[in-house]
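Chemist: Chains as they are written, first to last, in the working numbering: chain A, 84 to 612; chain B, 930 to 1057.
Honestly, the hints are just simulated from the structure, not real lab data.
Wrong hints could be hidden among the right ones.
[Unchecked claim] To list a few chain B residues with every Cβ distance to chain A over 10 Å, as calculated:
{"no.": "1", "residue": "D941"}
{"no.": "2", "residue": "S948"}
{"no.": "3", "residue": "L962"}
{"no.": "4", "residue": "R986"}
{"no.": "5", "residue": "L987"}
{"no.": "6", "residue": "S1001"}
{"no.": "7", "residue": "M1002"}
{"no.": "8", "residue": "A1025"}
{"no.": "9", "residue": "S1026"}
{"no.": "10", "residue": "K1046"}
[Claimed, not checked] Pairs of lysine-lysine residues, derived as DSS-like cross-links and limited to a Cα-Cα distance of at most 30 Å, are as follows:
{"no.": "11", "chain 1": "A", "residue 1": "K477", "chain 2": "B", "residue 2": "K1029"}
{"no.": "12", "chain 1": "A", "residue 1": "K395", "chain 2": "B", "residue 2": "K1022"}
{"no.": "13", "chain 1": "A", "residue 1": "K395", "chain 2": "A", "residue 2": "K362"}
{"no.": "14", "chain 1": "A", "residue 1": "K421", "chain 2": "B", "residue 2": "K1018"}
C-beta: ideal position from N, C-alpha, C; glycine also.
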Amino acid sequence: MSGTNFDVGSEVADFVSESVLRCRIDGTVTYFNRAAEAFYGIKAMDIVGRDIVKFATDRQHHIDTWDELLRTRTWHGKIRRTSSLGEPRIAYVRRYLLSSESGAPFEVVEIGNDPDYAHYTIDPRLRESENRNRQLIRHMPAALLQVDSSMTLLAFEQLRARGVEDLAAYLTTNPDQVEHSKDVVVVREANLAAVQLFRAKEVAELTKPVRYLFAATPDMAQRVMVAAWEDKRNYTEEAKILTFTGELRDVSFSVTYPLLSEASDNTFIVIEDITERKKTEAQLRKLQSDYSHAARISTLGQLATSIAHEVKQPLAAIITNAETSLRWLRKEEFDPEKLIQLNTKIVESASHANNVIQRIRAMATKHEPSQAAFSVQDLIGDASVFVRHELETKSIQLAVELEDDLPAIGGDRVLLQQVVVNLLVNAVQAVSIEPLDRRRITVTGARTEGDMISVEIRDKGRGIAAADMPRLFDAFFTTKEGGLGMGLAISHSLIEAHDGTIAASNDPSGGAVFEIRLPSFRQLPSEVA
Amino acid sequence: MAVRPLIAIIEDDDAVRASFGELLEVCGFDVALFGTAEDFLDAAALADFRCVVTDYRLPGMDGLQASQQLFSMQPDMPVILVTSGVSGKVADKAIASGIKAVLPKPVSSDDLLEHIKEFIGERGGEVG
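Given these sequences and hints, build the entire structure.
Modeler: Below, the structure written as structure tokens:
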């Protein structure tokens, strides 16, 4: 048996500086070296032959870690023993479960050290690699904090023992528990980037209870705790932190939890400063919004004649009806019915003109994207107001074919209208150089796969050249003289922002086809969530 | 009361077309309303009209083209062309082709009536 070898080993172990003890599986100590005697303040003759559990300060902790060792075959971590004189002794120990050749476990060997000097006694190569890791962590560009969360894990054990299952619900009714954790969970180490991020002068300012990490986002503490409770490996959220100089920074806050099997109390927190990125994103959004606004203004400019006509028509009707009313009033045979009829028409025309102006205003003003549900019919109806006159003067036929009972689509009505107007204007330009019998634009609306709604705009023009196809939606790509090449690029980004797609193809019978696919309203993520 | 002269109105906008109709009716005319030039030219008795008021911009055939066709059948028919934002070139072409007057939109009712009465008077007949 290999036991013989260990007897030789035990003799040697009497001369090593680490504490070494051997136990049977049931915990009976069979060997206790000199270093162990000195370190724990217990004589070998007092402990050999007795159950090791009797010397543990925290009996339950010992039983738990012993059970884990029997399951996983190795265990390392901090333990507390009480010396013969009743003094507390804390050690960092590594325990190994030894098995016979048949695989049956027969003995436990425990090697221990002063917890603070654990790394000095490890294999020099390991020590070197640890030093390298320390250097790496110290100088890595992201802020890294090592947190001792043992107190929380202990609290979790107690809560579980009391039958708590849903920690989120428990913490909501017991917010004191979260506040308490902010004081007892402590940052043990922090790197230079963390010092910089918090505008501190030295690491020592950061090694204190974690409360300061949650100063600007207090609710996050609860979410971090719940993720640990649920045995997650990682938890990340975008949050704000308050620096020691009182500045708010946007950060990505990531927590990596120890797994149970690692028997470690070390939780790592990586905090990445994303303030600049957020700022850039906001600028980008503004730029996109400015671009789409500029494109709308440009479209309105192109359609100025059309739009003017849309307002002039109802105004012409109002003027004529008002003058006719005056003529009736001046007549001797006064007909009130006629006047009611004429004035009703005036009101109708005025409200029609008002509607047209509202639509133009919506297109012309900058606005924050909004969410609303509306029908495909309304979308196409709104858009065609802007090109109706264009269609008439160029003798272009517009056919709208909508499937019955199409579900509503959702999103920003003006932005989607902008896309349809843009595609209609392109189609108008494509067919207006064709002979009269080909001046036809067909708009179809239909359900398509995945609960999406397809809106197709099909013209009878010359179609899209194969060479242009791949670059069609690129910014600054244009085939029009004096064109900016922004229309389709903006349409593309607007449709993508609505979780939709836009694609171009050529109709085999001639002409271009643009297809927009948009999710039906009930299916939008915001609705599902 | 004498027979009311019949005037044809060709205008694609429903509200504008109806308003012309109302105006001419109160002033003692009968009106026939058409949404397109094609519908007008299909009308059975073109000769019954005493005057034609047509919009220039129409879906399909425009006001000028409609007048050409009308003149080939009724060379003396008085035609008033109503335009919105049309170039002087179109107005010149209209007058050259035999159209009696070109009026900008929105049309003043006094202007329109004055012209209609004048043209009907030229052809003879009473005005209400």
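Chemist: Which numbered hints does this structure break?
Modeler: 1, 2, 4, 5, 13 and 14
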